[in-house]
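Chains as they are written, first to last, in our numbering: chain C, 1 to 525; chain E, 1001 to 1952; chain R, 2001 to 2067; chain U, 3001 to 3166.
Heads up, some of the hints might be wrong.
As the list claims (entries may be wrong) - Here are the simulated lysine-lysine pairs, DSBU-like style, with alpha carbons at most 35 Å apart:
| hint | chain 1 | residue 1 | chain 2 | residue 2 |
| --- | --- | --- | --- | --- |
| 1 | U | K3162 | E | K1200 |
| 2 | C | K506 | C | K294 |
| 3 | E | K1106 | E | K1062 |
| 4 | E | K1262 | C | K287 |
| 5 | E | K1103 | C | K502 |
| 6 | U | K3153 | E | K1426 |
| 7 | E | K1103 | E | K1273 |
| 8 | C | K325 | C | K142 |
| 9 | E | K1103 | E | K1262 |
| 10 | C | K506 | E | K1262 |
| 11 | E | K1446 | E | K1426 |
| 12 | C | K506 | C | K287 |
| 13 | C | K294 | E | K1262 |
| 14 | E | K1200 | E | K1426 |
| 15 | E | K1157 | E | K1262 |
| 16 | R | K2036 | E | K1929 |
| 17 | E | K1929 | C | K294 |
| 18 | C | K506 | E | K1426 |
| 19 | C | K502 | E | K1262 |
| 20 | E | K1062 | E | K1157 |
Read the hints as simulated data drawn from the structure, not as lab findings. Note that this is a predicted model, so its numbers are computed, not measured.
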Amino acid sequence: MTRLYLSCDSCALSVGADELAQALTAQLGEQIDLQRTSTRGMFWLEPLLEVDTPQGRVGYGPLTAEDLPSLLAADLLNGGDHPLCIGLVEQHPYLARQQRLTFASLGHNRPLAMEDYAAQGGWSGLQRALNLSPQQIVDEVKESGLRGRGGAAFPTGIKWQTVLDAQAPYHRGFDEAVKFIVCNADEGDSGTFSDRLVMEDNPFQLIEGMLIAALATGATRGYIYLRAEYPHAHRVLQQAITLAEQQGYLGEAILGSHHRFHLQVRLAAGAYICGEETALLESLEGKRGMVRAKPPLPALEGLFGQPTVVNNVISLASVPLILSKGGAHYRDFGQGRSRGTMPLQLAGNIRQGGLVEVAFGVTLREILYDFGGGSASGRPIKAVQIGGPLGAYIPPAHFDTPLDYEALAAVGGMVGHGGIVVFDDQADLGQMAAFAMEFCALESCGKCTPCRIGSTRAQEVLARIRQGEDAEDNLALLTDLCDTMEQASLCALGGMAPYPVKSIVKYFGEELHSVSQTPSAGGQH
Amino acid sequence: MIGYFDPKTDRDLGTPASLSTSLITLEIDGEQVQVPEGTSVMRAAALAGINIPKLCATDSLKSFGSCRVCLVEIEGRRGYPASCTTPVSEGMVVRTESPRINKLRKNVMELYISDHPLDCLTCPSNGNCELQDMVGVVGLREVRYGLSVSNHLHLPKDTSNPYFTFDPSKCILCSRCVRACEETQGTFALTINSRGFDSKISAGANESFMDSECVSCGACVQACPTATLSENTVIEFGQAEHSVITTCAYCGVGCSFKAEMKGNQVVNMVPYKDGKANRGHACVKGRFAFGYATHQDRITQPMIRDRIDQPWRTVSWDEAFQFAASRIRQIQAQYGTNSVGAITSSRCTNEETYLVQKLVRAAFGNNNVDTCARVCHSPTGYGLKMTLGESAGTQDFDSVEHTDVVMVIGANPTDAHPVFGSRLKKRLRQGARLIVVDPRQIDLLKGPHYQADHHLQLRPGTNVAFINAMAHTIISEGLEHSDFIAQRCDQAAYQQWLSFISDSRHSPEATEAITGIPATELRAAARLYAQGGNSAIYYGLGVTEHSQGSTMVTGIANLAMLTGNFGRPGVGVNPLRGQNNVQGSCDMGSFPHELPGYRHVSDSSVRQLFEQAWQVSLADQPGLRIPNMFEAAIAGSFKALYCQGEDIAQSDPNTQHVEAALGSLECLIVQDIFLNETAKYAHVLLPGATFLEKNGTFTNAERRIARVRKAMPPLAGKEDWQVTQGLAAALGYTMTYQHPSEIMDEIARLTPSFQGVSYARLDELGSIQWPCNDEHPLGTPVMHEDSFTIGQGQFIPTEFVPTEERVNGRYPLLLTTGRILSQYNVGAQTRRTANVAWHAEDVLELHPHDAEERGINDGDWVGISSRAGQTVLRARVSSRMQPGVVYTTFHHPFSGANVITTDNSDWATNCPEYKVTAVQAEKVTEISKWQERFRHLDSYQRQLLSESQAEA
Amino acid sequence: MNAEYLIKMANQIALNLAYEQDPERRADMVAGHIRKFWEPRMIEALLAVDPAHPDLSPCVVAVLTRL
Amino acid sequence: MAAHIPLAPVESSTEARIRTLAGDLKQQPGALLPILHAVQDTFGYVPECTAAVLATELALSRAEVHGVISFYHHFRTRPAGAHVLHICRAEACQSMGSAALERDIKQLLNIDYHQTTADGSVTLEPVYCLGNCACSPNIRLDDAVHGRMTLAKTERLLQLLKEGQA
């Protein structure tokens, strides 16, 4: 019996992994042991079928069921050669050149198999944390230099320290002086999917990270605020939580200790703004996702007014390793004030799209060409947008910028959540500038005026510029408006929505003045 | 003359005050400023005289941070923090103006104006618009976005509310209305529909204001910085040019208002921010229902007639006084000194009430003076005097902010005391626990973000059994506050009471069959009350208007003593007074057995004091109480009555009995603003003045004396105190007051608890809670702090004596009566305003089960009969009733609610038992006999009135 | 004044002070209450009632001698 | 204030079902969103009476519940077609030609966003990122994401829907 591996991640499913699995089972039946594992994160190869051979796993992809006859003819079950064969998967340069810390298990585990998680070193961070004092755990995280991976890049250890030091008031609804760990899983940025990968492909890692955060801060309840656009992740998380409860990782007396932690997934409902932490908390409280003014800090008065850690999925998923291998181990990756690794996500018009976890410091060019292999269309890359819909468009002139928080900021960009969306030379960046404001208008909570009215006005002014109407005055007005939104908005949505627009004005100014006739942002083959 | 009062300039400091006591020093625009920790930068600047521009901030609401025009620069901080949401910190250096900041502000204002109609000149808020002000402040000179941009200028107005208009085209989405509805009023009737640019203020679930949960308190209108929410009177008349601070003449909360005036016309009523009873809030009555003051039905000339079937003759004041005085003297000559008397009103001022009792005692020469407090809170006076030594509530309204457990017994604060209701709900949302003791499901039971812990839905008439079971539980479970009892209470009385209450017949298990309250529920409530921290009892007429009203008040005081809940903020016994000046009318010696300050007429030293001051000798025996007056009238020994501002024919129980009594009088002098029901039996009609037309003081439920200031001249030329003075003069007893302040000076001279009160002092302090004397020069927010007025608190056993009013086969239902938010008492005022839009008629609420049994459907005519009479109302099948209990209000005279109620009354004070009447209800097709007679009499009397007015 | 009305009121007072077990003291209390709150003609009318009136409660009968 | 005195409850089955759905969740603080999801999952949309029912169940006001429903684009207040087709409009998909795909699908279905086909089979909605940005452009058909989409593949999916196989 030959063991085969095929991902059950939603990306693989979106391109036919289940159909392939059915065909394999139908045609090979007892001959094979088909394991549905996590993805390797090489999405251009999905569905990627791997075959266990004495030399290691040999990969084939992207496959469809129609490829099966020729594969079988090529001795698939013994790792035979075929045009779709990529050779030994582990040696694929895309993987071999990565430093996978947070995503070390990708491809090696079945997402909901607890034995697989343990076999990959899972729970050892928790085990260690159970023997440490809260302060020792917090110190370990501080030592690691981990900064929030959701975009704001705030040092995670400092946030935890604040919550650890906070005195929780009694809360009647919970009948205790409760603190919370809230996982921000509202991964709404276009071009990002690393949170989804953790949740779909290694959910126990997130659970372990949240448990460690709870031990560190004295929190007894946790919520994963998950975007409604991720139904697959929702199902996986629900099952994972049930399994973890059954095995004593969650609930009362964690692993027999006196610690307790109750964890729930709460589904969002289609509001990008709820990725902003205070709007997220409002939403978790059952309210409109309106941004709160800070102070008070959520760490002191967060969910239901209680001290609350709000961390992104990747931040929390980084914690088990930091605890098991020590903060110093993690810190030794990266450069400057950007420590550890960053899971970058290559997306859009890129030949080899997928997850690239590397230490901070790699240049954009290396990512785009060495990992990404250039554009999918084969045409020159004109721009990349980094860090989601509020991120700047970076022209090729800056492709040698190293990817760390500070260096990117210096060219007007931001790491954000690590999403990199690639545009080829056919993309209409004038249209993308308009879209940036359209998106801001669509997703504005409406609380503050610069964002509520400004985003609509910016669309109108952009439209006039693109129609060539008083272009100069309107461009000045646009610049003024962007400035107002940036400086005066209540939160980062209104405050950063001008970034893509300003970067396009700055680097691709001429594109603002031409309206393309076809709806296109590139990618035409 | 009209006495203007200039209050402190009420600047809006932007954010609420911080209660912190530690001080922070910072620098704002180069000035050193010291403010309490937790103060916002905006407020700190305002306190230093620096006005940072703002739109969404107002000091009555928590900071919100949405408008972004209050941005400032703070050294060492990135960007431009909003000054409203940034708290001060030690050593902070703030800059509130710079070219950079002003540019940002100007750009933000430009965004606002790009979605705002440019009709300032014809806008109702012109001259009083914060948006307009801010445009001016930042110097916005052009809107570069042009006119053809997307906007909300086409949104239609909502004119469903009779008092205000919602014009969303002018809305700037500052959410002040939404927040006011939530934070101030506690109704949460407003929200924002959708989000982003599509955001729009929505009442309810996208409903019209009238169809939504809105209770028309007007907090949103007041909070609105633009013309989006505007009073219709402002839209019609324009902006006021001066204002007068005065006190509301509706319920016992005693809200302080700014009457916004244009000449003699009230444009609108704005609750006064510095008013300590209401803290800037109001209800639909106080804020909006002032139109009755200029209603065409107002009586504006004195009138007399010999017999009540004659037309009125319009006469001069003097002729009216002479006519009345000669009648009184004739009657006294024929039937004796004691054959005449007077009734004072809890709606009139302290000074007016004081004068009427003085007139009775000094000019009539007897003690036949009573007040309408007789029929509402006289048991409060009795019960609290006996146990604590003072006939008044023990706390101020602010006290509720320190309360952990609230027990509301027989009161409906969200309807009858709405502003206090809002303050109470705020505390409940903060986590205070709530026990409601009421036969009916009142609105307070459950509201946005809180829910009562216990609803003890007792049977009407079983209060005393309930309160005894509470005390029994506390004793039997050892939850009493022994130290407090030992230190503060009379031990002998306590021991006697203890042996009484310990009897197992008072256990919750034993009383369950009487009250209908499950014993386990009652025990849980008793534990909560005894152990929940600061526990406060608030009660209303559901406690007093019973044949055991005085016993129940005593039981309440016992319970609070038992648990040590006296003498500090957050606790106490708090009677919610029905009318604006119930407390004051009692204080002023309106009771037939007491001189001002609750001193018995038999006390010769007190009598001497007054005899000297008034230069007469005073009777030393109690006079007649209101029900006794009716009995005596029917018996033929009581022949003349001077009734000021009180409509006994509608408000007192057993209407037919009252009508018989009034019909027996040879002289009835009615002083009122309208031809009320009582006036239809009158021989002399003296026009009264509304609270807007006179000077004086009211004393609210928290003993707070507050000024009533004349905002317009009296329609009939005289303030009510002048009328009483005129009548006294005609009787040969001269009073020479030039101004009500002189009356107050006399009261202060003669009444120890008012010793420190004067108009000058009231102007200085805003209001004063008595006692105010050398010991308490600033007044007394919380009474009985170190010891009770009586000395040692007196526990008094409270035997439960069931009312004689029992259900039987013929009268199987219990009727209980109450009030509704939009109407006030007999409705004489509110029925003459647009408040009828909410409550155009009284209805009979009955449980679906009782309705079903009788084949009654919602809206059917239902005949209600009791041992006293019959009337007909429309049915409202309602799940808030318990089976076997029906409910109605008494706001409309034709409803005849009091035709049904009986002569039963409180054993100690004769307070009528309005709350328990055995009745039968059945479907009918025509109005009752009484109603037919009423209609006839009503139209006949109206005709007599219009004849006289035509003649005049 | 209507005797029935006054008898009813007096009886009611007596009933509500019934917690006082000693009949003498109780009669004193009822009499005291009546003196404190009743107008003289009411007391006169009550005193005019025949002490043997079947509706008078025994306590009130005792009260009559104290007014 | 108009409905000041509550009438005896005459409850529709919809109201009763919403009440039941709330009953399972309402003890949890902040339960409004989970309950609204349950309501939409049950009815396919959020019926009009939901605000009133949930207000009483959760000690909120109708306005508050309405404010929440209207804030979140996920909640629909009118029934949708038998299937919901989401087209991703976010940047990564745009970089791979989603704008053209969007135009073509609209043409194919002869509807615009937020509309339902005449036969009631498909409702078209925009979505902003499905987290599958390395396989753009993406659509979501009911709960399944489909990557590397083309008009032809969409047509095939819709055909399968008709045949009841998707």
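Task: Contradicted hints - numbers only - done: 1, 4, 6, 9, 10, 12, 13, 16, 17, 18 and 19
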